[in-house]
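Participant: Assemble chain B onto chain A, guided by the hints.
Sequence lines, in order, name chains A and B.
Taken in order, the first sequence gives residues 4 to 542; the numbers are from the numbering used here.
Taken in order, the second sequence gives residues 4 to 542; the numbers are from the numbering used here.
Think of the hints as simulated: they come from the structure by calculation, not from any bench.
One or more of the hints may lead you astray.
Each pair may be met inside one copy or between any two copies, as identical chains are not told apart.
[Said to hold, decoys possible] Using 25 Å as the maximum straight-line C-alpha spacing, the simulated SDA-like pairs for lysine to any residue come out as follows:
{"#": "1", "residue 1": "K471", "residue 2": "N181"}
{"#": "2", "residue 1": "K130", "residue 2": "Y155"}
{"#": "3", "residue 1": "K455", "residue 2": "D179"}
{"#": "4", "residue 1": "K455", "residue 2": "Y484"}
{"#": "5", "residue 1": "K491", "residue 2": "E226"}
{"#": "6", "residue 1": "K236", "residue 2": "M281"}
{"#": "7", "residue 1": "K350", "residue 2": "E405"}
{"#": "8", "residue 1": "K93", "residue 2": "Y155"}
{"#": "9", "residue 1": "K97", "residue 2": "Y155"}
{"#": "10", "residue 1": "K97", "residue 2": "A156"}
{"#": "11", "residue 1": "K471", "residue 2": "L517"}
{"#": "12", "residue 1": "K85", "residue 2": "A156"}
{"#": "13", "residue 1": "K76", "residue 2": "Y155"}
{"#": "14", "residue 1": "K481", "residue 2": "R233"}
{"#": "15", "residue 1": "K76", "residue 2": "K159"}
{"#": "16", "residue 1": "K97", "residue 2": "R73"}
What you are looking at is a predicted structure, and each value in this text was computed from that prediction instead of being measured.
Number of protein chains: 2
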Amino acid sequence: MDKLTEVLNLAKSKGYFWPSYEIYGGVSGFYTIGPMGSLVLKNIEDLWKSYFVRPNGFLEIDSPDIMPARVLKASGHVDNFKDPMAECAKCGSKYRADHLLSDSGIQVSESTSINQMNELLNQNKVKCPNCGATTWTVKQFLNMFETNIGPYADNKGYLRPETAQGIFVEFKTLLDINRGKVPMGIAQIGRGYRNEISPRQSMIRLREFHMMELELFMDPEDEKAPALDRDMKLPLLHEKVMEKGEPELISPYGAYKNGILKSAWLAYFLEKSFKFVMALGVPESKQRFIEKLVGERAHYSAQTFDHEVFFDEMGWTEVAGFAYRTDYDLKSHAKETGQELVVIEKKTISTRKTIKLNEKEVKNTHKKDWESIISSVPESREDGIYCAGIKLSSNEYKIIEEVEKEEVRKFVPYVVEPSFGLDRLLLATIYYAYGKKDGRNILSLPDVILGKVVAVLPLVSKKDMIEKAFEIKAMLEKSGYFVIFDEKGYIGKRYARLDEAGIPKAITVDGQTLEDGTVTIRDRDTWNQKRIRPSDLLV
Amino acid sequence: MDKLTEVLNLAKSKGYFWPSYEIYGGVSGFYTIGPMGSLVLKNIEDLWKSYFVRPNGFLEIDSPDIMPARVLKASGHVDNFKDPMAECAKCGSKYRADHLLSDSGIQVSESTSINQMNELLNQNKVKCPNCGATTWTVKQFLNMFETNIGPYADNKGYLRPETAQGIFVEFKTLLDINRGKVPMGIAQIGRGYRNEISPRQSMIRLREFHMMELELFMDPEDEKAPALDRDMKLPLLHEKVMEKGEPELISPYGAYKNGILKSAWLAYFLEKSFKFVMALGVPESKQRFIEKLVGERAHYSAQTFDHEVFFDEMGWTEVAGFAYRTDYDLKSHAKETGQELVVIEKKTISTRKTIKLNEKEVKNTHKKDWESIISSVPESREDGIYCAGIKLSSNEYKIIEEVEKEEVRKFVPYVVEPSFGLDRLLLATIYYAYGKKDGRNILSLPDVILGKVVAVLPLVSKKDMIEKAFEIKAMLEKSGYFVIFDEKGYIGKRYARLDEAGIPKAITVDGQTLEDGTVTIRDRDTWNQKRIRPSDLLV
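For reference, chain A alone in the conformation it holds in the complex:
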């Protein structure tokens, strides 16, 4: 059994996640996150916020899953969010055309056209996996879930393909709440939907998934990005080194300065992402960033990098995408709605002085030259004000100071978007936490992911010990711990069960507990035990 299969089995038996609707024979592309998975998911979300949201004073929103068709028409999804679908002429089975081809060893890329795929399938006589026939028709399949809003048949809606559009359509209100200022970061954690033609690969190609997205709105002429790291190195498989196939190790600062990354915010987010995924337990060497070239990128993106994690069984697998969306989305919605979606920047121009002549006085003083004085522009010299080369006395002019003048600049902000697949991160986290010790499975999840989870175990099933254990359980639950209570079986077996489930600490209540109140605490990874007071856990 390969590691991934072992991990998926463990994920089900220990309550992390499993394919939904199994009693109904299963429906591809849907997973249920179980009790342990829910705890981990919340902690991954919180860790993500500590990297991407909180340090920059960004905001978080929660917008609907259902979107009116007009919004997604304007955003370009109705026209572009499609996959090539091959239909077997004989049995009518439907597949992803590009997957059929690559499974048959025929190279395709994200820029291969529908017609090309049609030809390739038919000319190479690729067999239908269902009936063996070799005649195919390829067309585009819109992979958004369609529905109808309300009772009128013409009111079409879609389930959002990304949370981002729920942010773009609320840009105006959000900018008001942020008091007109950019850079403004708006995060959203929620579900995305993609009506895959024939999903495979368990947690990787889901029809319904969890996303964490951040739309960073900024002034393209003055990005105001945080300082970039000049020392750390990111493995970037960017356009210029793509042919070699090996990532270049380069600092975020260098990659931005050299023009490899088109935005300083993009560089900043790649840096953050690398550290974030490391904190989940994925080693540096199992991460890389790969640039998506023209034709591979989404329709809205001027530059895209995918953050990939390596799995032995699946190779490099995307866990996050970073798109430089520019002003594409705001402009599209502005055009469709006729609304102005802009930042209004008011600049104060520095103090300006103007000299105004007192014409009456000039006429009285300069009987001869007054006309040439009045018709020329006064000039300020070190020793006074001159006009037509003649020095004026102070009663002949007034200096008017315009102290403030506002200059208004309107612009459509540019957007950089980090977008994370939460289910894939969950899988990667468990995959890299999974290991063996003395032939037993251990799920060594990082503390930041499962810190506040603890098991409480009465050593033997005696009434007073169970009561004491319940007392400790209640105390820990009051302090926000998630407590697993397990009173059955040999203690060694219970420890083994907990190690495999990833529970970081186990507290055992024994005879001595009844005497002096102390318990043993056992560590999942080292198997070390020591006696403590239960309240020591709370500090």
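Facilitator: Just chain B, lined up with the frame of chain A:
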């Protein structure tokens, strides 16, 4: 302007929530939760868990929004989750038939039939709000959002009308994870969808909403519910007092013992709910529980109580429902799938002794009576074993102990379900927090709802003060605070803005801060200020 309108205006301008898609002209029944609303929502969720999930060791899961049609056919939703829809014969406008009638002053209840509504609308010549015509056709409208899963046209799906079904279909796996034990509580916080015919009432009738549900599975013959409160009083408008229209004040214990509540868990959850909604800031006197009578209840429920909160503008409004679903759902899914969805309870029968005679020895010892001894049943008396009235010596018999015998009992567990509408709770929380002080608006949200939010304000816009303020901001953000940074405008105006937004504390950085590091901290509700060190906030 009434209070509700004021609250809704504030909710938008301060970033709590607002109607979605406004730049597209709006789509009824959809709301976006803004930055402040997201913070509050998370805290309401966490508070709910501290009442309903953590204290009992319950589990939480996260299942898909999209469900295959077969699941919701089995659950009874496809046949029952419908509203009466009246269509105008002239202009084709569609409305909730019962709303049209009650708006015209004609009494209907949840048990009035389609045919009755049809007659009532036409006979009373109720006018179409759109064109004024008076001819109607009433039919049932299925209010689930329908979609198609994958590329095959016959693979229908629905957006879940409740999170509960995602729990019921995973019951088998969840019971395994819980090691076969009931009571087992499974919570889910997520979205629900209801394709309303013509939603009105802002946050009350949403087409997409946030729910918090708990399915409590238990043995109906031995509920094992926690101890019920005998002292607190709940206002129950139950069946027996419904006609009087006034709730009876009765303890959860009393209501269960008197048969007003059919399950002890139901009584326990009502008690919890009352305390929970009080913690959100809704006074006792603005809460009640009302029983839903036959015909008003959902198809799956043997007893339902709604938890209602009073709004001046809308009257009593449901924020939660408590349904005694019995074994309805598990039986329905078991029937449809042929799977056994049961709890298997293994009982150990108490130790049993049997006495076996050593016939050879008996024959040797009792030459005369051995036949009558062997043919009778041995009897255990205080002083030894007798057979046919004769005391036997210890070599004449053996006592065989059957130490353990397992008795297996299978049963379909019963379910009690608390189900909360999170959006309505959010509205109620803000509504009851909203008030005035010296003519100014204050949103006095309870600390538990917005505790870790703070504003940091440099007194004047000077470089060193702003830098110091940023330092304090970073420190607070590191400790998990959500920090609002506001450097513009007179300090009094800034305080007023923060009071209205509900921000509990404001920290002001002034000249003295630059000298000794102290700041002033100002309280939203009392307007009191005192000097502290910023690190004092963290303890």
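Participant: So, for every hint listed, does it hold in this structure?
Facilitator: Going through the hints against the structure:
no., hint, verdict
1, K471 to N181, "between (52 Å within a copy, 22 Å between copies)"
2, K130 to Y155, "between (43 Å within a copy, 20 Å between copies)"
3, K455 to D179, "between (38 Å within a copy, 23 Å between copies)"
4, K455 to Y484, "both (5 Å within a copy, 19 Å between copies)"
5, K491 to E226, "between (59 Å within a copy, 21 Å between copies)"
6, K236 to M281, "within (13 Å within a copy, 53 Å between copies)"
7, K350 to E405, "within (15 Å within a copy, 93 Å between copies)"
8, K93 to Y155, "between (37 Å within a copy, 15 Å between copies)"
9, K97 to Y155, "between (31 Å within a copy, 8 Å between copies)"
10, K97 to A156, "between (28 Å within a copy, 12 Å between copies)"
11, K471 to L517, "within (7 Å within a copy, 52 Å between copies)"
12, K85 to A156, "both (23 Å within a copy, 17 Å between copies)"
13, K76 to Y155, "both (19 Å within a copy, 23 Å between copies)"
14, K481 to R233, "between (45 Å within a copy, 23 Å between copies)"
15, K76 to K159, "both (11 Å within a copy, 24 Å between copies)"
16, K97 to R73, "between (28 Å within a copy, 22 Å between copies)"
Taken one by one, the earlier hints all hold for this structure without exception.
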